[in-house]
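Student: Construct all of the structure, not just a fragment, from the sequences and the given hints.
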Amino acid sequence: MKDLIQKLKKRFDVNDVVYQKDNQTYLTIAKDQAVSFITHLKDVEGFTHLVILTAVDWIEDNEFQLTYMLNNPGKKVDLGVRVLIDREEAEMESIHHLWKTAATYQRELREMFGIDFPGSPRVNEDFILEGWDDIPPYRRDFDTKEYSEQTYYPRPGRKTHDPAEYMKKKLYPEE
Amino acid sequence: MTEESKYRDKFPAKNPDGTNKIDLDSHKFIKVWQGPNHPGITGNMSLELDLQGDEVMQCKTHVGYLHRGFEKLMERRRFIQCFPICVRIAVPEPDFNEYCLSASFEELAGIEIPEAAKWMRTLLLEMSRLQSFLMWMGGQAGSFGIGVVGQWTNYARDLVLDRFEEISGGRIYHMHMTPGGVRGLPPTGFENRMEETLQTIEEIMKDVKDTLFDNTIFKKRSIGLGVIKPEMVEPYGITGPNARAAGIPKDVRKDYPYLKYPELDFDVLTAENSDAYTRAELRRQEIHMTIDLIRQIMAKMPQSGDYMAKVPNVLHWQIPRGETYVRAECTRGEYGYYTVTDGSGYPRRINVRGPSYTHAVALMEKMAIDVNIADTAGLMVSLHTYPPEIER
Amino acid sequence: MNLKDLFKPFTAWKNLLAEPVPIKKPLERQGAPRYRGFHKNDLEKCIGCGTCEEICQNAAIDMVPVEGEETEEGDSGLRPRIDYGRCCWCALCVDICTTGSLTMSNQFQWIDSDPDVFRFVPGADEKYWDDEELGYKKPDNYELNNLDRIEMEEMEPEKRNHTFLEIVKGFSKEQAIQEADRCVECGICIATCPAHMGIPSYIKAIRKGDVEEGLRIMYETNPLPEVCGRVCTHKCETVCAMQHRGEPISIRWLKRYIADQVSLDKYQEIMGTDNLEKREEKVAIIGAGPAGLSASYYLAMMGYNVKIFEALEKPGGMTRYGIPEYRLPYEELDKDVEYIKSLGVEFQFNTKVGEDITLEEIHKDFDAVFAGTGLHLGRSTKIPGAEHEKCYQAVDLLREFTQGKEIEVAERIVVIGGGNVAMDISRTLARLQNKQYGQVQLVTTSLESEDIMPADEEEIIESREEGITLKPGWGPKEIKVEDGKVKGLKVIKCLSVFDNEGRFNPKFDQSENDFFAGDMVIEAIGQGMDISYMEDVELTERHKVKVDENYQSSKPWLFVGGDIVKGPDAISAIADGHKAAQGIDNYLSSKGEK
Ligand SMILES: Cc1cc2nc3c(=O)[nH]c(=O)nc-3n(C[C@H](O)[C@H](O)[C@H](O)COP(=O)(O)OP(=O)(O)OC[C@H]3O[C@@H](n4cnc5c(N)ncnc54)[C@H](O)[C@@H]3O)c2cc1C
Ligand code: SF4
Ligand code: SF4
Ligand code: SF4
Numbered sequence: 001m002k003d004l005i006q007k008l009k010k011r012f013d014v015n016d017v018v019y020q021k022d023n024q025t026y027l028t029i030a031k032d033q034a035v036s037f038i039t040h041l042k043d044v045e046g047f048t049h050l051v052i053l054t055a056v057d058w059i060e061d062n063e064f065q066l067t068y069m070l071n072n073p074g075k076k077v078d079l080g081v082r083v084l085i086d087r088e089e090a091e092m093e094s095i096h097h098l099w100k101t102a103a104t105y106q107r108e109l110r111e112m113f114g115i116d117f118p119g120s121p122r123v124n125e126d127f128i129l130e131g132w133d134d135i136p137p138y139r140r141d142f143d144t145k146e147y148s149e150q151t152y153y154p155r156p157g158r159k160t161h162d163p164a165e166y167m168k169k170k171l172y173p174e175e
Numbered sequence: 001m002t003e004e005s006k007y008r009d010k011f012p013a014k015n016p017d018g019t020n021k022i023d024l025d026s027h028k029f030i031k032v033w034q035g036p037n038h039p040g041i042t043g044n045m046s047l048e049l050d051l052q053g054d055e056v057m058q059c060k061t062h063v064g065y066l067h068r069g070f071e072k073l074m075e076r077r078r079f080i081q082c083f084p085i086c087v088r089i090a091v092p093e094p095d096f097n098e099y100c101l102s103a104s105f106e107e108l109a110g111i112e113i114p115e116a117a118k119w120m121r122t123l124l125l126e127m128s129r130l131q132s133f134l135m136w137m138g139g140q141a142g143s144f145g146i147g148v149v150g151q152w153t154n155y156a157r158d159l160v161l162d163r164f165e166e167i168s169g170g171r172i173y174h175m176h177m178t179p180g181g182v183r184g185l186p187p188t189g190f191e192n193r194m195e196e197t198l199q200t201i202e203e204i205m206k207d208v209k210d211t212l213f214d215n216t217i218f219k220k221r222s223i224g225l226g227v228i229k230p231e232m233v234e235p236y237g238i239t240g241p242n243a244r245a246a247g248i249p250k251d252v253r254k255d256y257p258y259l260k261y262p263e264l265d266f267d268v269l270t271a272e273n274s275d276a277y278t279r280a281e282l283r284r285q286e287i288h289m290t291i292d293l294i295r296q297i298m299a300k301m302p303q304s305g306d307y308m309a310k311v312p313n314v315l316h317w318q319i320p321r322g323e324t325y326v327r328a329e330c331t332r333g334e335y336g337y338y339t340v341t342d343g344s345g346y347p348r349r350i351n352v353r354g355p356s357y358t359h360a361v362a363l364m365e366k367m368a369i370d371v372n373i374a375d376t377a378g379l380m381v382s383l384h385t386y387p388p389e390i391e392r
Numbered sequence: 001m002n003l004k005d006l007f008k009p010f011t012a013w014k015n016l017l018a019e020p021v022p023i024k025k026p027l028e029r030q031g032a033p034r035y036r037g038f039h040k041n042d043l044e045k046c047i048g049c050g051t052c053e054e055i056c057q058n059a060a061i062d063m064v065p066v067e068g069e070e071t072e073e074g075d076s077g078l079r080p081r082i083d084y085g086r087c088c089w090c091a092l093c094v095d096i097c098t099t100g101s102l103t104m105s106n107q108f109q110w111i112d113s114d115p116d117v118f119r120f121v122p123g124a125d126e127k128y129w130d131d132e133e134l135g136y137k138k139p140d141n142y143e144l145n146n147l148d149r150i151e152m153e154e155m156e157p158e159k160r161n162h163t164f165l166e167i168v169k170g171f172s173k174e175q176a177i178q179e180a181d182r183c184v185e186c187g188i189c190i191a192t193c194p195a196h197m198g199i200p201s202y203i204k205a206i207r208k209g210d211v212e213e214g215l216r217i218m219y220e221t222n223p224l225p226e227v228c229g230r231v232c233t234h235k236c237e238t239v240c241a242m243q244h245r246g247e248p249i250s251i252r253w254l255k256r257y258i259a260d261q262v263s264l265d266k267y268q269e270i271m272g273t274d275n276l277e278k279r280e281e282k283v284a285i286i287g288a289g290p291a292g293l294s295a296s297y298y299l300a301m302m303g304y305n306v307k308i309f310e311a312l313e314k315p316g317g318m319t320r321y322g323i324p325e326y327r328l329p330y331e332e333l334d335k336d337v338e339y340i341k342s343l344g345v346e347f348q349f350n351t352k353v354g355e356d357i358t359l360e361e362i363h364k365d366f367d368a369v370f371a372g373t374g375l376h377l378g379r380s381t382k383i384p385g386a387e388h389e390k391c392y393q394a395v396d397l398l399r400e401f402t403q404g405k406e407i408e409v410a411e412r413i414v415v416i417g418g419g420n421v422a423m424d425i426s427r428t429l430a431r432l433q434n435k436q437y438g439q440v441q442l443v444t445t446s447l448e449s450e451d452i453m454p455a456d457e458e459e460i461i462e463s464r465e466e467g468i469t470l471k472p473g474w475g476p477k478e479i480k481v482e483d484g485k486v487k488g489l490k491v492i493k494c495l496s497v498f499d500n501e502g503r504f505n506p507k508f509d510q511s512e513n514d515f516f517a518g519d520m521v522i523e524a525i526g527q528g529m530d531i532s533y534m535e536d537v538e539l540t541e542r543h544k545v546k547v548d549e550n551y552q553s554s555k556p557w558l559f560v561g562g563d564i565v566k567g568p569d570a571i572s573a574i575a576d577g578h579k580a581a582q583g584i585d586n587y588l589s590s591k592g593e594k
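First to last, the protein sequences are chains A, B and C. Quick note on numbering: the first sequence equals residues 1 to 175 in the working numbering. Quick note on numbering: the second sequence equals residues 1 to 392 in the working numbering. Quick note on numbering: the third sequence equals residues 1 to 594 in the working numbering.
Hints were generated in silico from the structure; no laboratory data involved. Hints should not be assumed to be uniformly reliable.
Pairs of lysine-lysine residues, derived as DSBU-like cross-links and limited to a Cα-Cα distance of at most 30 Å, are as follows [claimed, not checked]:
(1) Lys-310/B / Lys-169/C
(2) Lys-25/C / Lys-8/C
(3) Lys-310/B / Lys-173/C
(4) Lys-220/B / Lys-477/C
Tutor: See the structure below:
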């Protein structure tokens, strides 16, 4: 793995390498190099299996991390390729031309995180949500609890007591 | 290309990308929704089919009937509170979720689980494989009209669930693997009851072989249906029996050994020409391999010993920043959890990779084309997909 | 097509006569012994800590009052009510239950058309599975709580019985965080703490690594954390939720950890007390013991001008002049006092009210007075020989030793008393015997048998480790004096200490006796007070100063607290001081309005 990373570093701007376990490494690549980097990994380095493509919302840094989990079935190693993109203008080049399934992942990312992949087939079609009109729900600032409290109503008759508060009320109320 | 499709070359017309050009207003097509409530759909999912006559010209997979937002939900749960949630991601195979989730937390937190727990997890995973395959077998037979097989195999599955109930106290959602280990070893006498169950299943599988696999109807309908060519495997992200039946020997248990698989004796089963029949036959063999694996595990597994590592107080447990992807071979292929932690008491992000994500969407949409509508259910089942894991 | 394939499927007909497999009476099907069915709760065992509610990721549990379950120390009186519309049967609540009261039955069949019946309090609302033995229990060897304490390092007995250096080492940061991690944050302990300290909150601050926050939380209710972090009677630990299945959280040592971490020069900044708003009124405090110090702290925080009159030369009261240094080093006590001083509290030492100045004189100059003068007069057994000059009072010796006075240490000593004071004097003298004679020859005897000895268990164990001979269960009969010299203590068997009504009324067996040789006898059976400086204040039947809930005496300007009102320990005195300060504030504020 280390050799591969050294090799890749010569051609690409590879950063933040983490050797997570024997057969799994993570690294970060700049957005503008990402697709050629991934293409290179697929076509030259044998990373022919796209395991997942997903995102992590680092809202505090105003960034989305796209994670392309690539697998080399021959060498049996994984490379987690991180691409950090701006959260405000969340857009990334599509890789559906590399893997047919990428289109599904990208469609989901568009819907759940609001990350656009221009040119990806059916990217704007609803995937899981139908008629959703709130912010993309997998963004960290979407509050599921608040949403469900507004959308549904609680079952009547539920009431709980905090043990410490309750004991104060019962045992030493005046203090 | 089949004989008939030659005539269809002229009609329907093709789009530049080779897909069929569908014009509903031409009155030459009919749109049919198969699902979300349909016995041929393995769960809440639907296929939007554009038919010409009784053949599928275009297929679109629709999910979203069972979106529970589990990935997001887990971002708002303490680590220990995730395991009751994750099981529901793939209803018929909760254990792979339990394993991947727990193993990813353990890896990121630097926790090594005891030996007995590793054996126990291996056992649970193989038992889960067994019951899931059995249920699938019934579904595959049923989707081709051979209902009786489902009666038998679901009975067989129930027997495996009895064994799960003994171990974990639950039949469907076992929740027996928790971050740090497992909730217990099998009760006394379990081994005998397990063996009895395995023998019953072997008997039933003989009948299944005679009734389903040596059955003209099944053969006629499944041979040549939904062929997965080896070159489709990578672009469509195909794994598991679907890939193995096409001659690609992918099996996480061998390729990325985990738990106690390195100590078990088994071969990766493969076949040629992945059509519905070959895949079914491969899965039939997998059932026998799983039975064999369970016997091996029972023989090697320790009867006692620690099964839970020391974990911090689960109410305050924080895991340092990190990310990992943990995979396991489920009945349908590669199951995996991509887990990101940020040092807080909650996971930052969990992304679940179920094989159905690729098999039931991009792959199914391609495979359905030119298939007779009567066979779409059989085709779908032959890809062995569980919709809840697509939308999670 | 293969002919075989046409006929083979018909072999299935052989099953036509096979025995059918379905379960014949599904409603009678038993769940497996580990089945996760409807919950059961042993209400007697359950303490209403709410940990089950906290862990339930489905929010299926509410903590509710239940008829017949009283709220008392160590038990909130609440019990979990489960909403089976939400429960997913994960049994996390069972796994984490601090007392082990919550389990599951193997029953799962129950049909009703009213959805509301599926929300009930297991154990309280009768169900048919209440007596079911089978069902999921937390497996042995599977533990989500950490039951064992982080061990506290202590000086070994052979070393410590020669020195007055502090025995207990205190937690390192790592140990403190690990110990703090064990707390389930239930808050059951708060009610039992006389000062109702925010225990789970400051423990949480330790977990977060924020000792400054911890210090702020402690000072809300206790301005002597270094003292209490070492010598508190830690009643909170006796009710800690974790002690039911494991060891209680080391609450006292965690408190000490926080205080130890912060240096005194940072206190004002951390607590934002560098610039307190001042008020006009003046309050006098009599006695610089925990009660007086606590009252002065809270009064100073409210802006009052506070002055303490103290009979002795240094502050701390019994925590200095009673508690030995190996348990509470003076510099730690001084640290707490220095901070109070830094808030502008004035100290006048060597001033005994009633002798050097009268209460009336003080009243003239101050708007209100708080008196917390404690118990300083040793009580005597009044047995023959007790008047001998070689028969001492424990508190006197302890005080004199603290003051640096030369105290008598005989080669063989007998101590009468079974409480902590007896242990303190015994262990102090044992150290001195070691210095002087190179060995310990000290017998400590008490009325109480060992199981009911009032001293803390650890004191008993440690005394023994230090070479002291304990003789519990004997009543002192006579101090044997020959040729004007004390020879030892004659004792008779004590059969029982309390009568059926629980009153002190010892019964003896005159026929069984013993003799403990000694050249000196110490009495450590209790202390009395001297409140002669207070004139015509109302007393209670038990001869204590009568006060209301604000510690106001029959004279509106005079507030009284600490050992002379209630006792028995430093933290109670601190709580009294705090409440009295609030009482004084109410009193002065309402007086100002008039
Ligand atoms: C040997 C011993 C060991 C103890 N160990 C512990 C322990 O481990 N943990 C615990 O919590 N408690 C312990 N206690 C009890 C604890 O010390 C007292 O409960 C606590 O100090 C009471 O505080 P106070 O402020 O009411 O009185 P005191 O601490 O007694 O303080 C009263 C102060 O008033 C002064 N004073 C008295 N009369 C006058 C006057 N007329 N004019 C001016 N000043 C006066 C005294 O000199 C003294 O400084 C122990 C007590 C003793 C005797
Ligand atoms: S955790 Fe156990 S002891 Fe605490 S309230 Fe729940 S059932 Fe009662
Ligand atoms: S079993 Fe699980 S879901 Fe049900 S009350 Fe207990 S913790 Fe909640
Ligand atoms: S110290 Fe004990 S009783 Fe107090 S909150 Fe923590 S666990 Fe609960």
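Student: So, for every hint listed, does it hold in this structure?
Tutor: Hints, verified against the model:
Distance check on the hinted pair: Lys-310/B and Lys-169/C sit about 26 Å apart at the alpha-carbon level, within 30 Å; holds. With a C-alpha separation of about 35 Å, the suggested pair Lys-25/C and Lys-8/C falls outside the 30 Å cut-off, and the hint is violated. Only pairs whose Cα atoms come within 30 Å are accepted, and Lys-310/B paired with Lys-173/C is accepted, the gap being roughly 20 Å. A distance of roughly 108 Å separates the Cα atoms of Lys-220/B and Lys-477/C; the hinted pair therefore is violated under the 30 Å criterion.
The structure fails hints 2, 4 (numbered hints given earlier, in ascending order).
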